[in-house]
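Undergrad: Quick mapping for you: the protein sequence lines, in order, are chains W and Z.
When we follow my numbering, the leftmost residue of the first sequence carries the number 1, and every step to the right adds one.
When we follow my numbering, the leftmost residue of the second sequence carries the number 1, and every step to the right adds one.
You can take every hint at face value.
Examples of chain W residues lying across from chain Z (beta carbon under 10 Å, computed): (1) Tyr13; (2) Ser48; (3) Thr274; (4) Gly277.
Calculated from the structure, these hints are not laboratory results.
Note that the Cβ used here is the ideal one computed from N, Cα and C, for glycine as well.
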Amino acid sequence: MTYHLIHRTIYEYASPVTVSHHAARVQPRELPYQQVDRFSLRVDPLPSVSQPRIDFFGNHVCGFSIQAIHQRLEITATSRVRVAATPPPASALSPDWESVVALFSDPVSPAVVEPYQFVFDSPLLRRSPELADYARQSFVPASPLLLAVTDLNKRLFSDFKFDPVATTVATPLEEVLEKRRGVCQDFAHLAVASLRSLGLPARYVSGYLRTHPPAGQPRLVGADASHAWFSVFCPGFGWVDFDPTNNLLPAEEHLTVAFGRDFSDVSPVSGVITGGGAHAVNVSVDVEPLS
Amino acid sequence: MDCAVTKNESKTSAALLDDYQRTASQFDECHTETGALRPHYARFVNSLAQVGPSELSRRWDNARRLVQEQGITYNVYGDVRGMERPWELDPMPFLIAADEWWTIEAGLIQRATLINRVLADCYGPQELIRSGWLPPGLVFAQPEFQRPCHGLKPKQGKFLVFYAADMARSPDGRWWVTSDRTQIPTGAGYALANRLVTSRILPEAFRDCQVQRVAGFFQEVQKTLAQLAPLPSENPRVVLLTPGPYNETYFEQAYLARYLGYQMVEGQDLTVRDDRVFLKTLAGLEPVDVILRRLDDEFCDPLELRNDSILGVPGLVEVARAGNIFIANLPGSSLLQSPAFMAFLPGLCRHVLGEELQIPSAATWWCGQKSAEDYVLENLDGLYVKPAFNQRLMSKVVEKDLSRAERAALVRRIKFQPHQFVAQEWVKLSTAPALDGNRFMPRPVTLRVYLVATENGYAVMPGGLSRVAPRADTSLVSMQRGGSSKDTWVLSDEPVEVFTLLSAGSQSVELRRVGNNLPSRLADNFFWLGRYVERADAAARLLRSTLRRFTPERGGSPLPHLAPLLETLEAQGQMAHSLRSSLSQSQSQGAGQRPSMSWKTPEALEAELLAAIFAPDQDGSLRHSIGHLQRLAMFVRDRTSNDLWRAANQLDDLLTDALPEKFLLAADALGVLNQTLLGLASFNGLARENMTRAQGWRFIDMGVRLERAFGLCRFLNCALPSPEADNPSLLEAVLEVADSTLTYRSRYNLLPNIAAVYDLVLLDEKNPRSLIFQIRQLEKHFQRLPQEHLSVTLQQKILRDCSSRLNLLEPRELLERHQAWASGDTGRVIADMLRDLPRLSDALAVSYFAHSEISRTGGGYQP
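Required output: the full structure, derived from the provided sequences and hints.
TA: Next comes the structure, spelled out in structure tokens:
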């Protein structure tokens, strides 16, 4: 499937900003099942310095700074992305989860160093016995890892209610667990932290999801949103993605932009401004299927 | 000298350490197991013996005073009032023999070289991880591993420019490293301060013992930082980046900055433009080449290094990536500070350097390794368990003697996240004689040794910071936990070269010329310093005039001309509102009649007056103003003289020591006010005379002028409407408050006359206390300020208005206005001034101090 993507972020500031520095992670990654045919980033006003680079996790990041006094900033990322349909993994054939935990216990082979770094605490996520307990209900002894994760994914979907006002970017995980409400970011965080609490490597994935309009209605342009899900490392299978918000395994309707330990590694647009006062931000995403 | 020890002298020297009983189980630095003096202490003890005990005790007192006068302090977090603690210095230096020092020196150079190589690998190819020499968890699990800094390539591969090792001597006499300081090795400045004090009180011993000088080390620091400037520059600008005056080692930072000749800046003084770092000064942006950082890794760049507070410089890491700034040490260098690394250094040393590690580390087990975890859980009682990472949050140190429940909880925590724990052997420290009261007692000591990178390797400071535990049985030494420190004398076998970076006596003398490059933030602080000096001065004068006229014997009816004084005190927030009503009541009803709720007895009034002087928490009290003055003096401390700082501290002491209970009579407080005024005059004199007439001085003076003009107007605005405005006693008070009594007497040979007095304090251009004089001075200052800001015209316009109003004023009009003085031109001009002067202050702030807040913006909420 080929998509035309537009991700636009607009800031309006109450008072003039004299200088600002930003980092944008909005360019989709190249992956075995995902090709990026075209990408462009437009920033208005024009940055005085702009430097694309690859971050520690291999994500594209564009750092830019604006030195002209401004009160409005518009960042538009446009891309054309092809996603290949991936067949569902043969989950029943995956190794039992205890053997994977053992693989990531000392001494850890240098061969699995890359996934190993996703076992530990990260800036927003702390492992805890409570999260391990929550996950353990899905991890019955000797259960194949991917079946157990599929069950956890399903439980997150049924135990938690999607509620865009219950949480903010800053809501701690304990509170989400207690309230049983949240958004995709919270569910992905919960899954990642629960898996890590068992000793399994898990990472946070940021991207977009194709949305389907209700039957008989036209697709609304710009009504989509950026999306998040999680990925678990399974020997023999590599990183396998799960979407707890929609209780499914991403196939050809999820578009990956970046991944990291948690949201703080992949925040689509972040910045530090001088001046500006209060600011309002408006984000619109359009995922248009072309074929 | 060596053989010149007579019997008598050795007796005295023995007497000095007579009571000294070394602890049998520990190594003693001064005495052998048999109680004999170690050879390298011999000269020192002889030298002391010749000085004699009474002279020594006099010198110890001097040392304490020197510490206080130099303002050598240590901040303690969470201690709001009296946050600054005087630095504790034990007068007896810690001596190290020359041959022993060579071993330490060589061992630490090897260690620093190794750590630099490991850092370079962790932030580069990570081959040590891939090849199994470094457990991956040790790097990846650490919050201190700053991923945005991965791939940075500092000039000459210098990741670790500054390094310090904490060392201790075990009972067998060997030196061990107990911790590595790889991020911001603090304390070198304190070591320098200790040296200056100790060498001054023990000059004979210092000379006789051939103590190696530390100044050469600081010269290496200057040389290294200058040549690390990434871009070619004739005179590279090095700044010391501080977290600010509340940091525990702020004194040291200011001290070092001054000693090394670097500007001390906070994050908000710097800005990133066009991939370069600039210093924001009054005259514009000036490029910065090298940052000596005293700000923790994660605070350095709020854009890339995770942090919610805004202490750092947004965009800094990107500038480092572009290779346009050198930061010492590289952000992220605290990675190697984790005690867990010590378990792996011997292997790494063999692999990386092909050598054996020369100085051993305290035995360390990192529980991230299964075998180590098992060992630690089995031997929990004999070990010292602490967090492996997050040293900053280390407040919860695991102590000995855990309860059963605590022990079980610890075991649970270790088992859940073993890699977050490290265990070390309890290190038994050696002891050295330290002064306890009048006796020398054996106290555990540790030594911090400092290194700086040079072109070809590392240079070691011959000396260091010795720290002394407060009790004989402590095994951890930390200044935060209340210990003391010692100067460290590394002895030499041959005469030493004398050399210092300080020109003679310069530490008590003055400011470097600062020219136009004054950071805007400092200009702001100088300006307010000036305002508070004058505010305190005016308050003291006003209170003095009030107290002089206040006579409780009158039975509670204050003289009517006291009213304007009290009203001004009220307008300045120095006295409560209820006072005026009590006063008017006493006027209208006379003494003793119909006392009401608001009636103030003379005693109550007196108490309020005393509170206006001494109350520490009362807004506007004299002590409160002095407190502000002291705080501002602290903010500009690296730009002003020690004398100025000392004067500020003395002022504070004056009011703090003089507890109000001691003053039964208001008259007693007059003495304190007189002393305060003298102290302020000396502060003022120092500020004016000792500061070069550069921008700092200019902003202090503008603050003084503006505050003086405003204070005068506020007082006149209360005095003029008074029905007693022409009463000579009140006019006398006007002259006192305006400090113009003598000038008046020299001009007029008559009782104060209203027109003459107001002319003198408002319009006399020759009177340095007059309103017009302040306006003229402000005009002069404004003309000399850099003028690239638009609103400068606003300030000049306000000043021009003030000036022309005064030019048109004719105070003789007052003679014609019986009782209605305030309704004339004079009253109107004063009222206009009261409105315009605050606007002038605001306009100044907008033009020169405007350091807009920085804030983070998100935009990535993922639903």
